[in-house]
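Trainee: So you can see what is in the structure, the chains are spelled out below.
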Amino acid sequence: MNAPLPKRIWQWFAQTRVGRSIFRVGLPQSNLERAQAMVSSFLLHVQPAKVSRHALRPATTFGLGLISLYLFFILIGTGVLLMFYYVPSTDHAYDVMKDLQFVVSAGLVVRNMHRWAAHLMVLFVMLHLCRVFYTAAYKPPREFNWLVGVGLFLLTLGLSFTGYLLPWDQLAFWAITVGTSIAGYAPLIGQKLQYLLLGGHIVGQESLTRFYALHVIVLPAIAVLMISVHLWRVRKDGGLARPDEPGDEVQQIKLGQLPTNKSYGLMELARGTTPQVGKDPGDEVFSWPNLIFRELLLGLAVVAVVLFLAIFWNAPLEELANPIHPPNPAKAPWYFLGLQELVSYSAFWGGVVVPGVLVVALALLPYLDRRREGVGRWFARERTVATSIFTFCLIVAVVLTIIGSVFRGPNWSWQVPWRQPSAVVEEH
Amino acid sequence: MSNGSVSKFYAWFTILGLLVGGLAVVGYYRDEYREWKGYQHKFIQEEIRRAATPQQRVLAERIPVQIRQIILPDLNRVDRCTTCHLAVDDPSYGGYPQPLSYHPLHQQHPFEKFGCTVCHRGQGRATTVADAHGSPEHWDQPMLPLRYIQASCGKCHEASDNPGAPLLARGQKVFDDTGCRGCHKLGGRGGVIGPELDRVGARRSAEWLRKHFLTPAAVSPGSGMPPQNLSPTDLEAITLFMLSQTGETAPGYYASMKVIPSTGEGRQLFQMKGCIGCHSIDGKGGKVGPALDDVGLRRTPDWIMQHFRDPQGVTPGSVMPKFGFTEGEARALTDFLVHLREQKVSLDLPMLMGPVERGRALFGKYGCAGCHGPDAKGGVPNPNAKTAQQVPGLIHVAEGYTAAELKNRILNGQREITPLDPKLPPPPLYMPPWRGTIKDAEIDDLVAYLFSLKPKEDVGF
Numbered sequence: 141m142n143a144p145l146p147k148r149i150w151q152w153f154a155q156t157r158v159g160r161s162i163f164r165v166g167l168p169q170s171n172l173e174r175a176q177a178m179v180s181s182f183l184l185h186v187q188p189a190k191v192s193r194h195a196l197r198p199a200t201t202f203g204l205g206l207i208s209l210y211l212f213f214i215l216i217g218t219g220v221l222l223m224f225y226y227v228p229s230t231d232h233a234y235d236v237m238k239d240l241q242f243v244v245s246a247g248l249v250v251r252n253m254h255r256w257a258a259h260l261m262v263l264f265v266m267l268h269l270c271r272v273f274y275t276a277a278y279k280p281p282r283e284f285n286w287l288v289g290v291g292l293f294l295l296t297l298g299l300s301f302t303g304y305l306l307p308w309d310q311l312a313f314w315a316i317t318v319g320t321s322i323a324g325y326a327p328l329i330g331q332k333l334q335y336l337l338l339g340g341h342i343v344g345q346e347s348l349t350r351f352y353a354l355h356v357i358v359l360p361a362i363a364v365l366m367i368s369v370h371l372w373r374v375r376k377d378g379g380l381a382r383p384d385e386p387g388d389e390v391q392q393i394k395l396g397q398l399p400t401n402k403s404y405g406l407m408e409l410a411r412g413t414t415p416q417v418g419k420d421p422g423d424e425v426f427s428w429p430n431l432i433f434r435e436l437l438l439g440l441a442v443v444a445v446v447l448f449l450a451i452f453w454n455a456p457l458e459e460l461a462n463p464i465h466p467p468n469p470a471k472a473p474w475y476f477l478g479l480q481e482l483v484s485y486s487a488f489w490g491g492v493v494v495p496g497v498l499v500v501a502l503a504l505l506p507y508l509d510r511r512r513e514g515v516g517r518w519f520a521r522e523r524t525v526a527t528s529i530f531t532f533c534l535i536v537a538v539v540l541t542i543i544g545s546v547f548r549g550p551n552w553s554w555q556v557p558w559r560q561p562s563a564v565v566e567e568h
Numbered sequence: 004m005s006n007g008s009v010s011k012f013y014a015w016f017t018i019l020g021l022l023v024g025g026l027a028v029v030g031y032y033r034d035e036y037r038e039w040k041g042y043q044h045k046f047i048q049e050e051i052r053r054a055a056t057p058q059q060r061v062l063a064e065r066i067p068v069q070i071r072q073i074i075l076p077d078l079n080r081v082d083r084c085t086t087c088h089l090a091v092d093d094p095s096y097g098g099y100p101q102p103l104s105y106h107p108l109h110q111q112h113p114f115e116k117f118g119c120t121v122c123h124r125g126q127g128r129a130t131t132v133a134d135a136h137g138s139p140e141h142w143d144q145p146m147l148p149l150r151y152i153q154a155s156c157g158k159c160h161e162a163s164d165n166p167g168a169p170l171l172a173r174g175q176k177v178f179d180d181t182g183c184r185g186c187h188k189l190g191g192r193g194g195v196i197g198p199e200l201d202r203v204g205a206r207r208s209a210e211w212l213r214k215h216f217l218t219p220a221a222v223s224p225g226s227g228m229p230p231q232n233l234s235p236t237d238l239e240a241i242t243l244f245m246l247s248q249t250g251e252t253a254p255g256y257y258a259s260m261k262v263i264p265s266t267g268e269g270r271q272l273f274q275m276k277g278c279i280g281c282h283s284i285d286g287k288g289g290k291v292g293p294a295l296d297d298v299g300l301r302r303t304p305d306w307i308m309q310h311f312r313d314p315q316g317v318t319p320g321s322v323m324p325k326f327g328f329t330e331g332e333a334r335a336l337t338d339f340l341v342h343l344r345e346q347k348v349s350l351d352l353p354m355l356m357g358p359v360e361r362g363r364a365l366f367g368k369y370g371c372a373g374c375h376g377p378d379a380k381g382g383v384p385n386p387n388a389k390t391a392q393q394v395p396g397l398i399h400v401a402e403g404y405t406a407a408e409l410k411n412r413i414l415n416g417q418r419e420i421t422p423l424d425p426k427l428p429p430p431p432l433y434m435p436p437w438r439g440t441i442k443d444a445e446i447d448d449l450v451a452y453l454f455s456l457k458p459k460e461d462v463g464f
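Those protein sequences? They're chains Z and G, same order as listed.
Okay, so the first sequence: first residue is 141 according to the working numbering, each after it adds one.
Okay, so the second sequence: first residue is 4 according to the working numbering, each after it adds one.
Don't take every hint at face value.
As the list claims (entries may be wrong) - Lysine to any residue pairs mimicking SDA-like chemistry, simulated, CA-CA at most 25 angstroms apart:
| # | chain 1 | residue 1 | chain 2 | residue 2 |
| --- | --- | --- | --- | --- |
| 1 | Z | LYS147 | G | TYR13 |
| 2 | G | LYS11 | Z | ILE149 |
| 3 | G | LYS40 | Z | TRP453 |
| 4 | Z | LYS147 | G | PHE16 |
| 5 | G | LYS214 | Z | PRO550 |
To be verified - These stretches of chain G come out as covered by chain Z in the derived footprint (C-beta under 8 angstroms, 3 or more residues):
| # | region |
| --- | --- |
| 6 | 10-22 |
| 7 | 25-32 |
| 8 | 70-83 |
| 9 | 123-130 |
| 10 | 141-155 |
Read the hints as simulated data drawn from the structure, not as lab findings.
Yeah, the Cβ is synthetic: ideal placement off N, Cα and C, and Gly gets one too.
Just chain Z, with the same shape it has in the complex (with noise of 0.2 angstroms):
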């Protein structure tokens, strides 16, 4: 058999005795060993053993979630490696940056990967949950995955926000100093918050501190619990969302014509609404090879594209930490400056108001948008209005945050980036 290298290596693995012993099926080459593949490893019964043609198709998902947890898994992996050298010290933490660029075997690169990664992360979080409400998959059942999902959108944002000061450098101390400002708008608590936060009134050695174990332990942590929450509900509830009227793709069957040559899991009978029922099960293919070894390539690309950033472009590492020399302007990390825009305009309405509103009404979507139309399809027709409110937030939101990112200069006036700016006046 003229099978490709790596085949042939798997099956030669396989059919050993400790091949065996840990993988009980081998290689599967029957529909009953695929389905078995999938069952029998703790890795893989996460997922089913029978996954839809629908699923597979790239533009239902485009893999943006999947995407999200393998950066994740790379934050881990690289995460650990930094911990290996770093201290949260306000003495020492900035020196071993230099460490890490200029005499850690690799240093660079990890650190490189787990801030590429950190964004990249921030931004499919973002795009996962557009893709989820064009698509109106947060409709019934799976009002709660969504709600789950919104506070993982949150989680990311302070996984993020809690690392930016690890470095101990300008761009650190000045983006968590404005970044907490902002939360400290929040009436009756803000004070509070911030304080809390920071443990004390400006960035210092307790903010580090308390920085460092949100970072490397307390969120990383409800991260994991709150994403295997979501995985598991992403089943429970039925699978990835799906038309509910049979389209071109999906072939109506009647009942009593079930073909006799299937296998059922009592997953596929599983209660009333799930878009199983009334549908042909042929539709169906298995999940090994085809589901797998898709998102086993998924996660190749994304670590390809991690580590060709990391190795070409450089985390940005500025000068030490100096409380007393803020850089004009201090901007928060990207993923905020739409809100430091708008706190610009009203430390109240931006910083605390649209916000709030915003992240209630995300969080309450699906209570409030109780239509079921449109589900699995992107932009369907019947969700206009929704569809043209979210975009319309949408575009606000990314239009402020390029505005704080390009368009504001020293004292946060507007300035024209590709304009040379006029002498800065110097401070004495």
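Once you have looked at the hints, place chain G on chain Z.
Mentor: The following block gives chain G in isolation, referenced to the frame of chain Z:
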């Protein structure tokens, strides 16, 4: 799924696997082949070439290729410069091209104790030429250009007392003579029109400072500082002196090992605290306590230190009061006394001078000349001032002021200067209030000096 699409998976696995593997190789290569290794191989080759005996050759071949660093906890530094500059302490490498050249001064400043960046600045932790030497973006301390290296001597050594740093001493003199203190505070003493200069050397580059002295407004828009007309050497000297003002002090070991004691500080204290009221030097001074000319020969430094702390404990029955000096002050005074004979100190002791002479010294001490010109003759531009667009000279104050009025004027200053044209920006220079800076005992002397400036024989019109 047909077998065909499974094969497609394997094709993709191969492509992506090769891509990730290739990137890993590229990453490894860039990580492994660092530029400092090349310099170390060159050094090892040179050592092998110079080996005279087989044993030496074996030793040379065994020199490990590794990061070398000087860890300086007191200075909060890790200097890896010797990773490439491998022969800094080997005189036989004198005249070699960098990075293998020998560095003089190893005797006076052993590099194991001092490192490199404490004088040269730059980025000690860096192991690439660009990051260590250049002015990489986002690094506070670019390397100090060699022609300004004397600025670093000022970190530990007194600027005016160091024969090894003549340009630094000259810079200090230019600073004092020009009257920079009239507008700028340095070491807590000076005016308030311009910014304080205590850390200016850490904030500004040599290039910036040079430009700023020539045309202040060009690099610092809106600055009212008059352009300084300095000779090229004086310009270099004052730039260097400014670069030496980094606000850093030498800690622990480094402060205690000063080869040239900071007698300047001790002399200042000696004058300020009025020691000469009871003690004499060179026959001048009081007779209550013993003369101090040869105290450095009679007593050990420890004895003198202890005497400052507790005079009666060391010399029972002494009438000398406990002055409560800080340890630093006591050490400075002790340094001064111990080195009195070798230094051939000439004391400008105020109590030995007349009021006019003291006033002239004060005119220099507070930098009045910076605005009112040398010897108070005026001529410093102050655009849009009604007084001929200049800061007025002071030689005629005796005609316009009583002593009380003049004192009042100096102590309270004059914030608003009458403009020539009210539509133009107000004149940048003004008279700051000197109350609290110039001491009460000094103000009379200053007035006496200013009154003495009245030309003796006015040629009438």
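Trainee: With reference to the structure, classify each hint as holding or not holding.
Mentor: Here is what the structure says about each hint:
1. Z:LYS147 with G:TYR13: holds, 8 angstroms
2. G:LYS11 with Z:ILE149: holds, 18 angstroms
3. G:LYS40 with Z:TRP453: holds, 23 angstroms
4. Z:LYS147 with G:PHE16: Holds - the C-alpha atoms of PHE16 of chain G and LYS147 of chain Z are around 10 angstroms apart, at most 25 angstroms.
5. G:LYS214 with Z:PRO550: Since the Cα atoms of LYS214 of chain G and PRO550 of chain Z sit roughly 24 angstroms apart, the hinted pair holds (cutoff 25 angstroms).
6. 10-22: Coverage by chain Z holds for the region 10-22 of chain G (10 residues, Cβ < 8 angstroms).
7. 25-32: Check passed, 5 qualifying residues.
8. 70-83: This one holds; 4 residues, not fewer than the three required, reach chain Z with a Cβ under 8 angstroms.
9. 123-130: Check passed, 4 qualifying residues.
10. 141-155: holds (count 3)
When held up to the earlier numbered hints, the structure conflicts with none and fits them all.
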